[in-house]
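Novice: Final position of the sequence shown in this note's numbering is 55; the numbers increase by one with none missing.
Think of the hints as simulated: they come from the structure by calculation, not from any bench. Any given hint could turn out to be false.
Said to hold, decoys possible - Pairwise CB distance ranges (calculated): (1) Glu6 / Gly44: 32 to 42 angstroms; (2) Glu4 / Ala28: 52 to 62 angstroms; (3) Glu39 / Glu8: 25 to 35 angstroms; (4) Glu4 / Gly44: 47 to 57 angstroms; (5) Glu39 / Met3: 47 to 57 angstroms; (6) Ala40 / Lys7: 48 to 58 angstroms; (7) Glu39 / Asn19: 27 to 37 angstroms; (8) Met3 / Ala40: 31 to 41 angstroms; (9) Leu9 / Leu36: 34 to 44 angstroms; (10) Gly44 / Gln12: 27 to 37 angstroms; (11) Thr43 / Lys21: 28 to 38 angstroms; (12) Asn15 / Thr35: 44 to 54 angstroms.
Here a beta-carbon is modelled for each residue, glycine too, at the ideal position from N, C-alpha and C.
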Amino acid sequence: MESEKELKGQVMNQMVNQKQQAMELAEHMDKITLLEEALSTGRQGGGGAKKPK
Numbered sequence: 003m004e005s006e007k008e009l010k011g012q013v014m015n016q017m018v019n020q021k022q023q024a025m026e027l028a029e030h031m032d033k034i035t036l037l038e039e040a041l042s043t044g045r046q047g048g049g050g051a052k053k054p055k
């Protein structure tokens with residue numbers, strides 16, 4: 003059986019991994035939102051000046 007110390011280490015690793023995945027997901031969601039906004043303004047006839055990167 004694994005020691006309590008090993009189990010705690012595994013739990014910490016899982017928490018760190020989940021936090022990282024959540025941050026990556028949030029980043030993707032932001033990009034999707036920006037794309038959707040760009041598409042919707044594009045459909046409304048030009049949508050004005052594009053934002054410089």
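Novice: With reference to the structure, classify each hint as holding or not holding.
Specialist: How the hints compare with the structure:
no.	hint	verdict
1	Glu6 / Gly44: 32 to 42 angstroms	violated, 57 angstroms
2	Glu4 / Ala28: 52 to 62 angstroms	violated, 33 angstroms
3	Glu39 / Glu8: 25 to 35 angstroms	violated, 47 angstroms
4	Glu4 / Gly44: 47 to 57 angstroms	holds, 55 angstroms
5	Glu39 / Met3: 47 to 57 angstroms	holds, 53 angstroms
6	Ala40 / Lys7: 48 to 58 angstroms	holds, 50 angstroms
7	Glu39 / Asn19: 27 to 37 angstroms	holds, 31 angstroms
8	Met3 / Ala40: 31 to 41 angstroms	violated, 55 angstroms
9	Leu9 / Leu36: 34 to 44 angstroms	holds, 41 angstroms
10	Gly44 / Gln12: 27 to 37 angstroms	violated, 48 angstroms
11	Thr43 / Lys21: 28 to 38 angstroms	holds, 33 angstroms
12	Asn15 / Thr35: 44 to 54 angstroms	violated, 31 angstroms
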